[in-house]
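Enquirer: Residues per chain, in single letters:
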Amino acid sequence: MYAYNFLILAAAMFAIGVFGVIARRNAVTVLMSIELILNSVNINLVAFALMNDTYDGHVFALFVIAIAAAEVGVGLAMVLMIYRNRRSIALDELSELRG
Amino acid sequence: MSVFAAEAVADPGWFLENAWLIPVIPAVAFFGIIFFGKRLPRGGSELGIVSMLASLVIAAGMTLQWISHVDATHGTPVIKQWTWWQSGGLHFQLGQHIDGLAVMALILVAFISTLVQIYSTEYVRGDRRYTHFFAALTLFSAGMLTMVLAPNMVQLILGWEIMGLCSFMLIGHWWEEQANSRAALKAFFTVRVGDMGLLVGTAMLFGIFGTFDIAGINELTAAGDFESKQILMWAAIALFIACIGKSGQFPLHTWLPDAMAGPTPVSSLLHSSTMVVAGVFLVARIYPVFHVGLEINLAGQEFNLIAVIGGITVLVAAALAFVQDDIKKVLAYSTVSQLGYMMMGLGVGAWTAAVFHIFTHAFFKCCLFLCAGSISHTAAHHSFDMKKDMGGIWRKMPVTFATWMISTAALMGIPFFSGFFSKDEIIDSAKHNDYTIFYFVGIIGAFMTAAYMTRATWLTFFGTPRGGAAHFMGVESHDDHGHAAHDAHGDDAHGHDDHGHDDHGDVKHGRPLPFAPSDSPWQLTAPLIILAALAIGSGYLNAPAVGTHWFHHQTESSIGLHEAAGHGEEAAHDEAADHGEETAAHGEEAAHGPEPAEIYTVPPAPEFKWSAAAPGLGLVALGIGLSAFLSKAVFEDRRAPFAGLTRRNKLLGAGHRFLVNKLYLDALYENVIVKAIAHPISKAAYWVNQNIIDGVVNGAGRTGKDVGTWVYRNIDQKLVDGAVNASGTVASETGHALQPVQSGKVNQYGALLFGAAAVGAIVLIITNV
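Chains as they are written, first to last, in this note's numbering: chain A, 1 to 99; chain B, 1 to 769.
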């Protein structure tokens with residue numbers, strides 16, 4: 001019952017996050033969308049942990065939060081460097097790796 | 001008594017126990033000379049001499065220990081064997097078989113090798129292959145010593161073949177002359193013909209007795225422990241063929257005179273005193289095989305293979321010795337003739353006399369060859385031609401002359417020189433053992449020996465000096481053969497020349513040689529003196545004329561057969577008496593038993609009587625007198641009735657030509673046998689080679705080329721390259737097709753990622769529902 005609602009929420013958040021990653025040009029917005037995806041996963045983990053009455057999910061969620069913090073740190077640092085070099089953080093202009 | 005005997009056998013003495021060192025030392029020295037000889041101050045000769053001296057010391061110690069065994073151990077062979085290699089449970093062994101015969105041969109070979117090596121240091125001094133010469137001499141000694149102490153037939157063959165190889169190398173020492181290399185090849189191939197017999201005979205002996213051990217073969221034969229006498233006879237014949245080849249017996253003797261192309265020390269060591277007696281030694285070594293197989297001494301037997309071959313060799317070789325101009329060839333034919341005596345002695349059952357003749361002959365014949373070398377080296381400008389370059393030199397070479405005369409006397413069999421005691425006993429035994437024909441062969445041979453040696457002595461030492469000798473003596477040359485012939489011969493005889501060829505002009509004018517020495521250097525004369533002393537002294541080891549049977553006493557256990565009962569002279573010896581009783585007992589059993597032929601014995605040596613020796617001695621004296629008279633008449637005075645007789649009398653001329661052409665045996669071998677057999681075979685082989693083998697090879701080549709071309713065109717170019725190219729194209733096209741995906745835009749990558757994840761999720765859901 002509970003879990004159902006949590007999962008709906010998580011799925012919605014995940015969809016919003018994916019939309020943000022795919023559709024936004026601003027690199028910071030993309031990073032924030034990634035954060036949404038990660039947190040939707042966290043909600044899932046906690047929800048399933050409650051359902052199954054274990055703590056594994058909680059522990060995993062804590063880990064994911066810690067790693068998400070580090071990931072955002074690295075991501076923002078990269079965005080800063082890109083901005084310094086190009087005076088822009090528009091992702092569709094960053095296509096040097098095109099094959 | 002038996003305990004004592006066992007103890008004594010267990011410790012026969014250090015030298016007898018370690019006699020195997022005797023051949024090992026020169027064998028090691030051979031490798032030393034080959035690898036380091038050229039860097040040594042004296043070119044490796046010191047290594048050879050030291051090794052031979054070491055062998056001689058051990059051999060001498062061994063001889064002393066052997067003759068000091070007077071009690072129950074007397075005559076007990078010291079046999080030791082170690083496995084060399086094995087094949088299918090069959091052990092091929094190396095080791096030693098020391099008995100009287102081996103002791104005799106070992107001390108003889110070590111002694112003569114030492115002297116000849118000392119002699120060689122002077123004789124081949126300055127030779128371009130000095131080191132190799134000593135290496136080959138040392139290896140030869142190792143091979144010969146290996147053979148004489150062989151405990152089994154395998155080791156015997158090993159030593160036998162090493163000797164053959166060294167003989168080849170040393171005859172061809174000066175191989176730049178084609179004649180020398182041809183002589184070396186001839187010696188090698190002729191002996192190889194006989195060597196086939198050795199392999200076949202050894203295989204047959206193994207088939208009969210199941211062992212290679214000489215002691216085993218001798219015992220089993222003497223005990224009659226074999227199935228068929230017929231097969232044993234064929235084994236003996238096969239082995240005897242090997243002896244014919246090695247010991248220069250008729251009709252394979254032709255290689256030995258040609259072998260004189262080698263340096264004189266080689267002739268004196270290999271081709272007179274040691275190697276060529278290997279065949280005689282083999283017969284003596286496994287005498288029971290021959291004695292039983294050929295039924296020697298069977299009552300009423302007048303001929304047997306060994307005696308007949310030996311007898312023919314005695315006469316043929318002695319006849320050929322008359323027409324030789326080359327002093328070494330006279331001695332070579334004399335060697336062949338004396339080897340014939342030894343074979344004849346073995347053929348008539350006179351084992352001790354024949355073996356003793358090996359012993360005495362080695363000293364005096366070695367001495368004669370070294371004398372010839374000394375004359376040639378010092379007096380005759382390295383020529384060996386008696387008629388052109390010698391004569392009258394006895395005054396200036398007293399040592400060489402004296403030693404030559406002593407050795408010649410021994411060879412002729414003049415009483416109280418060593419040859420008399422051994423040769424006379426062979427002749428005497430032939431008569432005593434009812435081989436009357438061979439008795440006559442023996443005394444006629446003695447007559448001829450005396451005659452041709454007198455002729456050679458006259459030409460060499462007496463008369464007017466000619467050619468090189470005239471130059472040496474400082475008198476006018478009477479060489480009417482002309483300078484050119486002399487020069488050619490001088491070159492032919494020797495590859496090196498200390499004096500240089502420019503002094504041949506002096507020879508023609510007969511100018512005195514102011515620096516001519518009175519005799520050869522000490523390295524040449526010292527061995528001569530030692531050998532001459534032994535040419536007298538060695539005879540007294542077994543001199544029936546003065547009642548000595550010491551040599552017989554020391555070697556009789558090697559015969560392998562007991563002496564027949566009723567042996568008068570030997571009754572004094574305990575062992576002999578024992579043997580006599582034993583044999584008598586056997587005889588009694590045999591008389592009662594069903595097979596009396598199973599007891600094999602050799603007849604005892606005849607008792608010496610001067611009256612029995614008198615006819616032979618008379619003929620020897622006659623030979624000397626007649627030959628001296630004729631030599632003087634023909635070569636010196638050129639008196640009408642004798643000089644040039646062979647040119648005037650047709651019959652004598654034909655005989656002379658027959659002898660000069662060596663009985664046409666060489667012509668027979670080379671023109672008839674080799675041409676008739678070898679030429680068609682070689683032609684057929686050439687045809688097969690050109691048409692069949694080459695055809696096969698060419699066909700294979702052509703087929704290979706065609707296949708290769710086809711493979712190149714179709715498989716390599718089309719299939720393999722096609723696959724490679726196709727994979728490249730596919731990869732390239734795929735890459736181009738997928739290129740747009742790599743847009744470099746993060747959003748697109750993210751879309752792809754999530755799209756793929758969504759597809760994966762949908763698949764997962766569908767499959768799990």
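Treat the hints as calculated values from the structure; they're not laboratory data. Hints are supplied without guarantee of correctness; some may be wrong.
Just a sample of chain A residues kept apart from chain B, beta carbon distances all over 12 Å, derived [as the list claims (entries may be wrong)]: (1) A3; (2) G17; (3) V18; (4) G20; (5) A23; (6) I37; (7) N39; (8) N52; (9) T54; (10) Y55; (11) H58; (12) L62; (13) A69; (14) M81; (15) R87; (16) L97.
Here are the in silico distance ranges between beta carbons for each label pair [unchecked claim]: (17) B:W710 - A:L94: 30 to 38 Å; (18) B:L753 - A:I8: 22 to 30 Å; (19) B:T729 - A:A66: 17 to 25 Å; (20) A:S88 - B:D716: 54 to 62 Å; (21) A:I65 - B:Y749: 23 to 31 Å; (22) B:V724 - A:I8: 54 to 62 Å; (23) B:A757 - A:S88: 45 to 53 Å; (24) A:I8 - B:A757: 14 to 22 Å; (25) B:L764 - A:A90: 31 to 39 Å; (26) A:L94 - B:T709: 55 to 63 Å; (27) A:S88 - B:V724: 42 to 50 Å.
Cβ atoms here follow ideal geometry from the backbone N, Cα and C, with glycine treated the same way.
Enquirer: State for each hint whether it applies.
Expert: Evaluated hints:
1. A3: A3 (chain A) is indeed farther than 12 Å from all Cβ atoms of chain B, at 18 Å.
2. G17: Contrary to the label, G17 (chain A) does not stay out of reach of chain B, its closest Cβ about 9 Å off (not over 12 Å).
3. V18: violated, 5 Å
4. G20: Violated, since 10 Å does not exceed 12 Å.
5. A23: Given a closest Cβ separation of 7 Å, the condition is violated.
6. I37: violated, 9 Å
7. N39: holds, 16 Å
8. N52: Non-interface label on N52 (chain A) holds, nearest chain B Cβ at 18 Å vs cutoff 12 Å.
9. T54: Consistent with the label, T54 (chain A) stays out of reach of chain B, its closest Cβ about 22 Å off (over 12 Å).
10. Y55: Since the minimum Cβ distance to chain B is about 26 Å, Y55 (chain A) lies beyond 12 Å and the statement holds.
11. H58: Its Cβ never comes within 12 Å of chain B, the nearest being 24 Å, so this holds.
12. L62: Its Cβ never comes within 12 Å of chain B, the nearest being 24 Å, so this holds.
13. A69: Nearest chain B Cβ is 21 Å from A69 (chain A), so the label holds.
14. M81: Answer for M81 (chain A): holds, closest chain B Cβ roughly 15 Å.
15. R87: Non-interface label stands for R87 (chain A): nearest chain B Cβ at 18 Å, farther than 12 Å.
16. L97: violated, 4 Å
17. B:W710 - A:L94: 30 to 38 Å: Cβ of W710 (chain B) to Cβ of L94 (chain A): about 58 Å, so the range 30 to 38 Å is violated.
18. B:L753 - A:I8: 22 to 30 Å: holds, 23 Å
19. B:T729 - A:A66: 17 to 25 Å: Violated: the Cβ-Cβ distance is about 50 Å, outside 17 to 25 Å.
20. A:S88 - B:D716: 54 to 62 Å: Holds: the Cβ-Cβ distance is about 57 Å, inside 54 to 62 Å.
21. A:I65 - B:Y749: 23 to 31 Å: The hint (23 to 31 Å, Cβ to Cβ) holds, given that I65 (chain A) and Y749 (chain B) are roughly 25 Å apart.
22. B:V724 - A:I8: 54 to 62 Å: Roughly 57 Å apart at Cβ, these two residues keep to the hinted range, so it holds.
23. B:A757 - A:S88: 45 to 53 Å: Cβ of A757 (chain B) to Cβ of S88 (chain A): about 29 Å, so the range 45 to 53 Å is violated.
24. A:I8 - B:A757: 14 to 22 Å: With Cβ atoms ~19 Å apart, the hint holds.
25. B:L764 - A:A90: 31 to 39 Å: With Cβ atoms ~36 Å apart, the hint holds.
26. A:L94 - B:T709: 55 to 63 Å: holds, 59 Å
27. A:S88 - B:V724: 42 to 50 Å: holds, 47 Å
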